[in-house]
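Chemist: Each chain is listed here by its residues.
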Amino acid sequence: MKRVFALLALVGAVAIGAPAWAEEKVAAPAATATAGAPAGMSGMSGMSGMSGMAAEAAPAAAAAPAPVVNKGDNAWVMTSAALVILMSIPGLALFYGGLVRTKNMLSVLMQVFTIFSLITVLWVVYGYSAAFTEGNEFIGTLDKLFLKGVTPESVGATFSKGVVISELAFVIFQGAFAAITCGLIVGALAERARFSAILLFMVIWFTLSYIPMAHMVWYWAGPDAYIDAAAGEAAGKTAGFLFQKGALDFAGGTVVHINAAMAGLVGAYMIGKRSGLGNVAMAPHSLTFTMIGASLLWFGWFGFNAGSALEASGGAALAMVNTWVATACAALSWMFAEWMIKGKPSMLGAASGAVAGLVAITPAAGFVGVMGAIVIGLLAGIICLWGVNGLKKLLGADDSLDVFGIHGVGGILGAILTGVFVDPALGGTGVYDYVANKVGDFDMATQVIAQLWGVGTVVVWSGVVSLVAFKLVDIVIGLRVPEDEEREGLDVTSHGETAYHH
Amino acid sequence: MKFVTAIIKPFKLDEVREALSAIGVQGVTVTEVKGFGRQKGHTELYRGAEYVVDFLPKVKIEAAIRSDQIDQVIEAIEKSASTGKIGDGKIFVFDLEQVVRIRTGETGTDAL
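The listed protein sequences derive, respectively, from chains A and B.
Using my numbering, the first residue of the first sequence is number 1, and each one after it goes up by one.
Using my numbering, the first residue of the second sequence is number 1001, and each one after it goes up by one.
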């Protein structure tokens, strides 16, 4: 354990050093923003905090009266934060827990539960600051370390000019996202990972992959900074790398799903296959729990997606309906495809399809029309079924609970299709231009290329960070438990308890 | 005295119990068991992965009876547990040396 604490200290030091390292590169970005126009809604608004924004946006903003928090919006974002927390615990924990063998049930519950707690603490200590303050294109600063200066009076931007919510509501909402993203990864390593290794990996990966990706995709100065073309251009340059590229990610297809899936895939390769894979029966021990978990995920996802509108608006309602419909379509399409190919419609298939649909609609939720959501959902169910069969065999990694097959494949599919179905001609909302204060002209090819930038960046970034982090953890404490412990089950050997007493 | 062990399909348990009560069998012991016979196992599919389930759930019934009841008991179990399909199970019959009722100390057929 001493080594674990030593490494935690090391990671802390790296985290604090990171902004300095990042600042050296600050000169490099030559704002490749799409033709000066702001990228428009890109999932979440970054909280520059009103002070930073006012300084940025010239005298007009300074003279404006202090914005008043909209209570309705605030209530919705806080409610959504609680819903997203429900997705992690117990939703994801039960979904994963049901899929492992009886002897490993508690290990999965513990991993998800502990990661949730760990990331919560890291988020308020430095995560929020590094992700959602104005730094460079890739990472923020430590100006709000320990939430310094974030008070009940602090406000943050939404997607409407002059409408703000409490910054603390945004802090917990975003923190819940960070926690579930890290929790998703354990599915790929289930049934053989060392508990301490997982915790250490999460600290490193959260710091070096989650935070930068969240900053790259979601950080922007907020709509109030886009007063005119010049101010808009200046504000645009302060936004995250992928925000500037114009990549749309409503609620976290890239930041959450592809990001976690890449970490899972790399981890599955590096930790190796479960011993006895192919010879020993590894059937899920309780699909009842898996069904409950999947349903809680679905329920919580209304907060995840509709909450990402940051306002209790029509846009939030659109995201909610899309989250409802696309998921139903994916559950059906996976089930019917499985029924045709394998002969039986399974509960696990329907539940997996639902999760695939939720993943795929995440980046698109507030951008596409309901018919677009139907297409995305139907495709997600079928393509992710391939993801856990054909693609899984092709990749050859023992991704125990199919994190990549569902979150990676579904995330990439959703990211690309967001660029297609956001098209107003296909029922989408288009991309809002905050300088002109109207929906901008839309070009599908440009948008899909921007989406591919998002996918490519997260695949490479998370892939490299994960590779280094897993290697480091393997050297320091070892990724796997010894084989006899794996055979006996992690519940008893790692945690000293058993899930069931018959 | 005879000792009868029958392995049957789980959902046939109630019918077998009723059939045995009807012919005067005073008590049985039931255990949930797993095993395989000619039926072998079956395969289960979870997402892509196929698992062969070798051991199927069955119910084991044990009853101690008088020797003169044996034909009746075998017939009763055979009829009530039968579906005509593979996997209906088997009946094993043993000679039983001694029975003791713990409460009273009775032995032999008196203890049945």
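Hints listed in this document are in silico derivations from the structure and should not be mistaken for laboratory results.
The structure presented is a predicted model; accordingly, all values stated were derived computationally and were not measured.
Ideal Cβ positions, reconstructed from N, Cα and C, are used throughout, including at glycine.
A couple of the hints might just be wrong.
To be verified - Computed cross-link-like contacts, EDC-like style, restricted to lysine to aspartate or glutamate with a CA-CA straight-line distance of at most 20 angstroms:
{"#": "1", "chain 1": "A", "residue 1": "Lys393", "chain 2": "B", "residue 2": "Glu1062"}
{"#": "2", "chain 1": "A", "residue 1": "Lys344", "chain 2": "B", "residue 2": "Glu1050"}
{"#": "3", "chain 1": "B", "residue 1": "Lys1079", "chain 2": "B", "residue 2": "Asp1014"}
{"#": "4", "chain 1": "A", "residue 1": "Lys273", "chain 2": "A", "residue 2": "Glu485"}
{"#": "5", "chain 1": "A", "residue 1": "Lys342", "chain 2": "B", "residue 2": "Asp1014"}
{"#": "6", "chain 1": "B", "residue 1": "Lys1090", "chain 2": "B", "residue 2": "Asp1054"}
{"#": "7", "chain 1": "B", "residue 1": "Lys1090", "chain 2": "B", "residue 2": "Glu1078"}
{"#": "8", "chain 1": "A", "residue 1": "Lys273", "chain 2": "A", "residue 2": "Glu488"}
{"#": "9", "chain 1": "A", "residue 1": "Lys342", "chain 2": "B", "residue 2": "Asp1088"}
{"#": "10", "chain 1": "A", "residue 1": "Lys393", "chain 2": "B", "residue 2": "Asp1068"}
{"#": "11", "chain 1": "A", "residue 1": "Lys161", "chain 2": "A", "residue 2": "Asp228"}
{"#": "12", "chain 1": "A", "residue 1": "Lys273", "chain 2": "B", "residue 2": "Glu1050"}
{"#": "13", "chain 1": "B", "residue 1": "Lys1034", "chain 2": "B", "residue 2": "Asp1054"}
{"#": "14", "chain 1": "A", "residue 1": "Lys161", "chain 2": "A", "residue 2": "Glu311"}
{"#": "15", "chain 1": "A", "residue 1": "Lys71", "chain 2": "A", "residue 2": "Glu311"}
{"#": "16", "chain 1": "B", "residue 1": "Lys1002", "chain 2": "B", "residue 2": "Asp1054"}
{"#": "17", "chain 1": "B", "residue 1": "Lys1034", "chain 2": "B", "residue 2": "Glu1106"}
{"#": "18", "chain 1": "A", "residue 1": "Lys344", "chain 2": "B", "residue 2": "Glu1015"}
{"#": "19", "chain 1": "B", "residue 1": "Lys1040", "chain 2": "B", "residue 2": "Glu1106"}
{"#": "20", "chain 1": "B", "residue 1": "Lys1034", "chain 2": "B", "residue 2": "Asp1095"}
{"#": "21", "chain 1": "A", "residue 1": "Lys273", "chain 2": "A", "residue 2": "Glu483"}
What the hints assert, rightly or not - The calculated label-pair distances, taken between Cβ atoms and stated as ranges, are:
{"#": "22", "chain 1": "A", "residue 1": "Phe299", "chain 2": "B", "residue 2": "Val1100", "range": "37 to 45 angstroms"}
{"#": "23", "chain 1": "B", "residue 1": "Gly1024", "chain 2": "A", "residue 2": "His501", "range": "36 to 44 angstroms"}
{"#": "24", "chain 1": "A", "residue 1": "His495", "chain 2": "B", "residue 2": "Glu1032", "range": "36 to 44 angstroms"}
{"#": "25", "chain 1": "B", "residue 1": "His1042", "chain 2": "A", "residue 2": "Leu277", "range": "16 to 24 angstroms"}
{"#": "26", "chain 1": "A", "residue 1": "Gly396", "chain 2": "B", "residue 2": "Glu1032", "range": "37 to 45 angstroms"}
As the list claims (entries may be wrong) - If we take Cβ atoms under 8 angstroms as the criterion, some of the chain B residues that face chain A in the derived model are:
{"#": "27", "residue": "Gly1048"}
{"#": "28", "residue": "Tyr1051"}
{"#": "29", "residue": "Phe1094"}
Chemist: Decide, hint by hint, whether the structure agrees.
Modeler: Structure-based check of all given hints:
{"no.": "1", "hint": "Lys393/A - Glu1062/B", "result": "violated, 48 angstroms"}
{"no.": "2", "hint": "Lys344/A - Glu1050/B", "result": "holds, 13 angstroms"}
{"no.": "3", "hint": "Lys1079/B - Asp1014/B", "result": "holds, 13 angstroms"}
{"no.": "4", "hint": "Lys273/A - Glu485/A", "result": "holds, 15 angstroms"}
{"no.": "5", "hint": "Lys342/A - Asp1014/B", "result": "violated, 34 angstroms"}
{"no.": "6", "hint": "Lys1090/B - Asp1054/B", "result": "holds, 18 angstroms"}
{"no.": "7", "hint": "Lys1090/B - Glu1078/B", "result": "holds, 9 angstroms"}
{"no.": "8", "hint": "Lys273/A - Glu488/A", "result": "holds, 16 angstroms"}
{"no.": "9", "hint": "Lys342/A - Asp1088/B", "result": "violated, 27 angstroms"}
{"no.": "10", "hint": "Lys393/A - Asp1068/B", "result": "violated, 62 angstroms"}
{"no.": "11", "hint": "Lys161/A - Asp228/A", "result": "holds, 13 angstroms"}
{"no.": "12", "hint": "Lys273/A - Glu1050/B", "result": "holds, 17 angstroms"}
{"no.": "13", "hint": "Lys1034/B - Asp1054/B", "result": "holds, 9 angstroms"}
{"no.": "14", "hint": "Lys161/A - Glu311/A", "result": "holds, 12 angstroms"}
{"no.": "15", "hint": "Lys71/A - Glu311/A", "result": "holds, 10 angstroms"}
{"no.": "16", "hint": "Lys1002/B - Asp1054/B", "result": "violated, 31 angstroms"}
{"no.": "17", "hint": "Lys1034/B - Glu1106/B", "result": "violated, 34 angstroms"}
{"no.": "18", "hint": "Lys344/A - Glu1015/B", "result": "violated, 30 angstroms"}
{"no.": "19", "hint": "Lys1040/B - Glu1106/B", "result": "violated, 43 angstroms"}
{"no.": "20", "hint": "Lys1034/B - Asp1095/B", "result": "violated, 25 angstroms"}
{"no.": "21", "hint": "Lys273/A - Glu483/A", "result": "holds, 11 angstroms"}
{"no.": "22", "hint": "Phe299/A - Val1100/B: 37 to 45 angstroms", "result": "violated, 59 angstroms"}
{"no.": "23", "hint": "Gly1024/B - His501/A: 36 to 44 angstroms", "result": "holds, 39 angstroms"}
{"no.": "24", "hint": "His495/A - Glu1032/B: 36 to 44 angstroms", "result": "violated, 28 angstroms"}
{"no.": "25", "hint": "His1042/B - Leu277/A: 16 to 24 angstroms", "result": "holds, 21 angstroms"}
{"no.": "26", "hint": "Gly396/A - Glu1032/B: 37 to 45 angstroms", "result": "holds, 39 angstroms"}
{"no.": "27", "hint": "Gly1048", "result": "holds, 4 angstroms"}
{"no.": "28", "hint": "Tyr1051", "result": "holds, 5 angstroms"}
{"no.": "29", "hint": "Phe1094", "result": "violated, 29 angstroms"}
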